[in-house]
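> Below are the chains, spelled out letter by letter.
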Amino acid sequence: MLRFIFRRLLLLIPVLIGVSIVAFLILHLAPGDPAQMMGGIEASEADLIMLRQKFGLDRPLPVQYFMFLKGMFTGELLSLRYESPVMEVIWPRLKNTLALASVSIVIAVLIGVTAGVLSAVKRKTWMDYTATVFALLGISMPVFWWGLLLMLLFSVKLMWLPSGGMGTPLHYILPSIVLGTASAGIIARMTRSSMLDVLRQDYITTATAKGLSRRLVVGRHALRNAMIPTVTVVGLQFGQLLAGAVLTETVFSWPGVGRLLVTSILARDYPVVQTSLVLIAAFFVLVNLAVDVLYAVLDPRVRYHG
Amino acid sequence: MSKKLAALLFFAFLLVFSAAPLLAADTTLTVGQGAEPVELDPQNITDNPSEEVCFQIYEGLVGFDVVDGKLEIAPRLADKWEVSADGKTWTFHLKKGVTFHSGAPFNAEAVKKNFDRLLSGKYKRSTLFSVFLSEVKVVDDQTVQFLLSMSFGPFLHTMSHTAGIIIDPTLIDANADVKNNPSGTGPFKFKSWQKGEKITLTAFENYREGKPKMETVIFMTIPDDNSRTMMLETGELDIAERIASFEVDRLKENKDIALTIQPGMRVMYMAMNNLDPILKDVKVRQAINYAVDRESICKNILKGFARTIDSPMAFAVNGYAPVKGYTYNPEKAKALLAEAGWKPAASGKVLEKDGKKLEIKLWSPNGRYPMDMKTSEAVQAFLNEVGIDAKLSTMDWAAFLAATSKKPEENNSQLFLMGWSPSTGDSDWVLRPLFHTKEWVPGGGNRSFYSNTEVDALIDLGMTENDPDKRKEAYKKAQELIVADAAWLTLFVLDNVNGRRSNVKGLVESPLELLFVKGVTKE
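So the sequences go chain by chain: U and W.
Per the working numbering, the very first residue in the first sequence carries number 1; after that it's consecutive.
Per the working numbering, the very first residue in the second sequence carries number 1001; after that it's consecutive.
FYI, nobody ran anything at the bench for these hints, they're computed from the structure.
Ideal Cβ positions, reconstructed from N, Cα and C, are used throughout, including at glycine.
Any given hint might turn out to be false.
[What the hints assert, rightly or not] In silico DSS-like cross-links for lysine-lysine, where the CA-CA straight-line distance does not exceed 27 Å:
1) W:Lys1406 to U:Lys54
2) U:Lys157 to W:Lys1505
3) W:Lys1438 to U:Lys157
4) U:Lys54 to W:Lys1283
[What the hints assert, rightly or not] Ranges between beta-carbon positions, derived for each pair:
5) W:Leu1259 to U:Leu69: 43 to 53 Å
6) U:Leu69 to W:Asp1026: 47 to 57 Å
7) U:Val262 to W:Pro1344: 26 to 36 Å
8) W:Ser1296 to U:Pro60: 45 to 55 Å
9) W:Pro1344 to U:Ile139: 49 to 59 Å
[As the list claims (entries may be wrong)] Looking from chain W toward chain U, a few residues come up when the C-beta cut is under 7 Å (computed):
10) Ser1192
11) Met1230
12) Thr1234
13) Lys1303
14) Ala1402
Chain W on its own, in the form it takes in the complex (with noise of 0.2 Å):
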């Protein structure tokens, strides 16, 4: 009888509990991320979840519209600004009426404020501005003005990055623990922060477009691919991020799911370093370009969620111009290999020069990137191929960075997988970190020892002209100067997947991997 019981009790039990957590109201949207962000103070975070959290609570002066899966800039906190002929004095003009969720004013001041404590060098994206800013200046209570130590042509990207949206500067008066308690002036106010499972954000009543229609938003962390992509099956998420693109077609079926398929920012690539005895030979270089069938890794691996690209930059990135790049064409590898003097050996696959064998170091993460380690395997036996015994290797990031960035005199890294995804948006954000020769690690990320003057001269010219046309064409110049020299095996650029439920409507999806929530209605 007991037995009988307690079972019974068990089954009322699940009954009782068992649908209620299950469904969240209709003014509650919950966000699955695939990472826990690290803290919400936007001058110091370098990782994407704490990005996207701060983008709903936080605005710049000016920020990303997306249009056609591109980014546009567009007024946030300003209404317009203005640029001075030498282009090293930008005028903005603010909003009026605006409140930061304390109830503080937004002004010139708080822009001020913000500057001030960015530029005091305490905080990780401080040099991002540092290299350009030298002083921010209150004109009146709505106007404010930059004044740059150079003209600066990616200045508006550079604002519309997380490092320049406004602190309350209340926080900033009180050296308040930002990371933890942020305020902004942006659609949702935070409320509360278990650490390691949700923030939980409310709708800010006084948002100056109007308060949102969800009530509450939780961005939950959800590591395992496959248990976020349960949670939005069961409806535990109303969205979920970075589908893997195994789950793609299951999900296509289910009708209450619906998918967004779009290009990233994020270039993958195998770097060379240019340095090396055996890559410095342009040749070599050219020869592992055409010997790796990227559409194949493309639609096989990645299964068709990414897009060979030639230009070191994404189709998104502003200044990205379609370039000639290297097709597949193994014999074409094989020759210009011979002209390099590497031929056939008496023995085996594996060329030599004067008794040497090509054989090449081939370091990989592991999970760092969506199939990382299958994408470099596939490089593998594509150079194995024309006679290149490429020594695939992994290890954890932190040993990789740190392998791939030592002096050149130290390094001895040949090919490496990494990817890039400009948090600007902007080419100069891929150019000048990655090519410039002045940006050679470990002082800056040019982990190729890629050096060309005339790449150096444009990249230079880009940075510091405002018109944007002329820095299209500095920018176009280079990406094909970069691309004849094979600095590197370009290979592919990431599809973003995310998904959500059929009755989430009004989500934004930017190409550098940020949700924003604020126009979003459950139907």
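Bound conformation, chain U alone (with noise of 0.2 Å):
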């Protein structure tokens, strides 16, 4: 197990120097000038000539990803847009948006497994229904119109919560509702169908035919068998959470690193954009990793070699 852990770890290296080079000749085709935007629309010519030599835009393409990648590690990257190191930009807003996904997902998963399970034991009964018709809503709902229709009933309405910024616990209650409420739709579908596939097996009609109660059939024979497929759902939406928080963070004045994200594309601010993109690879596929190894916790069947 710790080998194949390890052997994983190192895949990531090519993975991230992949990601790197994408993010890199990405940004640098878009057209649009990093030293235009640092400046401003009144920076004289002279202006940009000096932020251009001095954060290095005059140089070779090839120089400059080396560049990228040398600040990178010694910590020396600067942001174009803040002037600052790259990871006192990132990491106050990655923390961020680390806590308010990791929120999220545990609202997700609680309200999806038992929305899921409920559905798949309460088939084609008014629960089911309810289920799939919140599932389906959950799912299609346009983030900013949920968030802001939550805003409005509970902040201004009835004035129980704060619409936004963060502080306190009760500024998390909004947009993590608003941020998982996809997810949990997502994983409510999975569970149902997975947990019907289970039910159908022969091991169920077993374990009810030799008397155990239903609660103690759905809970601990299916249950375990079913959220197999319901971990890796729960995997990458924790991964999309992180990556797409963006329109949550901006609906509820929340200081992540979506919003950084957008304004950095926005300004082309190259090395955010790039140490950002790397970052949440690397944390997409930390991720996955962590999915597979609870493969192995879930079902004694599956089990890996270095």
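Taking the hints as your guide, dock the two standalone chains into a single complex.
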């Protein structure tokens, strides 16, 4: 198992180099002059030349790429927009997004798995239909609209919850519900269908036949197996939440990395965008690795060999 | 039982926490900005939210007072000043007994250190001053002289710019991280910055005009327009900047909220490439000006929060002159196009000349300015009415700037929507960068490749003349010539709309899209 994890971690290196090259090329191929974005519309030619020299933007592309790699390892890579080390720019915001995404995924799993199990067990009853409708609504509702609706109700009308910023646990409630809604829907659908598959298996019939209570059959025998595909989805969703939090962050003024990423792309802040993409990619890979490890925990038949 | 208990606990939790964070103390002022400040080093900033925060922390030798929506030069850290007869030496007499937040004294040496730093050429705003400023000389502890390389008409306006405000010299000596740990002589001290979220300032107890009433001022970043408005309604914000036009009617009905609507300094215009084979003909440019109903765009698209203007500079800019422009007249537009050789085609609405259709590229930013894309769509429709097939396309701001700042031989722009607000509040900072022949892109900011030797001479005169009346006269003539040449399709001046809780008094709102909170009280 340890060897498996180690090998997967080694694989991170080529993945991240690939991501960094692709991110670098896409950004540099897009039209737009970072010096102009730094200097603003009022900048003179002399300002632009000064800025290009200061940040090495006048150097050939391969040189710029190696400067980027070197800067990442030495921690000296500067954001063009903030003129501060990129990690000082990214980390405080990444931390906020990680916190929000973690709360969201917990909410999504709690709601999604409960709804999924209930609608599988009570298949074709009003409970199933209600859960299905809500799951589909959750998946298809635009984040902006849903966020503003909740804000209108809980912040403006009822004055129960703050509508923006962070600081207290209460600030987490609305954004994490909004961010987790779509994932909850997807998890519910996945849990329902895999649960239905499992409930049709012979061993479930056996368990029922030997007189186990319905609760024990569903809770212990069915759920554990049904969770295997769900865990994959949860892992993927967590990655998605991290990268896709930008809309929620904008609506709820959450100082996260999604908003930073969009601002940095618009400002052509190459170092921040490239580093954020590499970090998000690394995170995605690590979450997937965690999912694979979880398989082995859930399913004793799965064993990894080095 | 346990379910009931959980539900009870949840509601108890809500009750305990709900009201608390929504209501801030009476001595705390929370301002919602639409974008996050980038940094707080005044010599390096180029964005409006950063400028606004800087102006609460630092002061310059002079500054702008807002009088009837216009800017007037007023003393700040200098009591009085005089200029030599040749206009090349400005002497400032500094206020006594002023200290920086660190306790360091404010004096002539501090001023010199600041401008030496700026003139080093390492900061983004260096060239704003290096064009005219050679040296700053300490005469005595309370007197400082600015030696100019040429007489410079907009000198005091430029001194009132963010780049001219005075940083604590102890920071400069220590080569400290000014952008993240600012210190000045202003009414508020920097306390903390949660990146992406908020900047907290506290009242400066030794402020030269007395300690401000607000103990704490928080600048929060609230990027979404709807959220900013809602947070004002809930009271989480005391002030919300840049209220979207569609929210105004609703907010007007709320007696807890007061709105200020005043014309800003940003003129929106369709720049025209004056070198383009089609647009180099002045008749075509004039026809475009006649073809577009600007009143209708202001009324229907900007919901009345914009005012049509003929001059390329806003009403509040020093040197603005009302000039006669073009009123909506599609028939006249068609006649001018016919004079230019563009005649109706055998089929279709689009005019033709020598078998070539009258097609013009129209580039628009999307989301950069209020209703920018909708404005461009309206212009497209109006042009279509007179037989011009405007092909509208949009690009992100960086790509837009790159495409419109190429040198003449590579530049294939034709008609493109832009906005300009002169950060010094003076005509020079509209006319020189945008209309002087020497300022053609990529070297300057003249993206229309407009060129008129007479206008160049008037701009030069206005720049070097110190007599305000002579400057005004020169700028008036320049504005008339530019409008007669139809260099742009000038559209409108945007209104600044800010909202505040009704109990917030004493807020100063500058047409430069800046708020000054030092005199604010909450009743």
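> Could you run down the list of hints and mark each one as holding or not?
Here is what the structure says about each hint:
1. W:Lys1406 to U:Lys54: With Cα atoms ~22 Å apart, W:Lys1406 and U:Lys54 stay inside 27 Å; holds.
2. U:Lys157 to W:Lys1505: Holds, because 26 Å separates the two Cα atoms, which is no more than 27 Å.
3. W:Lys1438 to U:Lys157: With a Cα-Cα distance of about 57 Å, the restraint between W:Lys1438 and U:Lys157 is violated, given a limit of 27 Å.
4. U:Lys54 to W:Lys1283: violated (45 Å)
5. W:Leu1259 to U:Leu69: 43 to 53 Å: Roughly 51 Å apart at Cβ, these two residues keep to the hinted range, so it holds.
6. U:Leu69 to W:Asp1026: 47 to 57 Å: Cβ of U:Leu69 to Cβ of W:Asp1026: about 53 Å, so the range 47 to 57 Å holds.
7. U:Val262 to W:Pro1344: 26 to 36 Å: Cβ of U:Val262 to Cβ of W:Pro1344: about 47 Å, so the range 26 to 36 Å is violated.
8. W:Ser1296 to U:Pro60: 45 to 55 Å: For U:Pro60 against W:Ser1296, whose Cβ atoms are near 51 Å apart, the range 45 to 55 Å holds.
9. W:Pro1344 to U:Ile139: 49 to 59 Å: holds (53 Å)
10. Ser1192: Violated - the Cβ of W:Ser1192 stays beyond 7 Å from chain U, reaching only about 12 Å at its closest.
11. Met1230: holds (5 Å)
12. Thr1234: holds (5 Å)
13. Lys1303: violated (20 Å)
14. Ala1402: Since chain U brings a Cβ to about 5 Å from W:Ala1402, closer than 7 Å, the hint holds.
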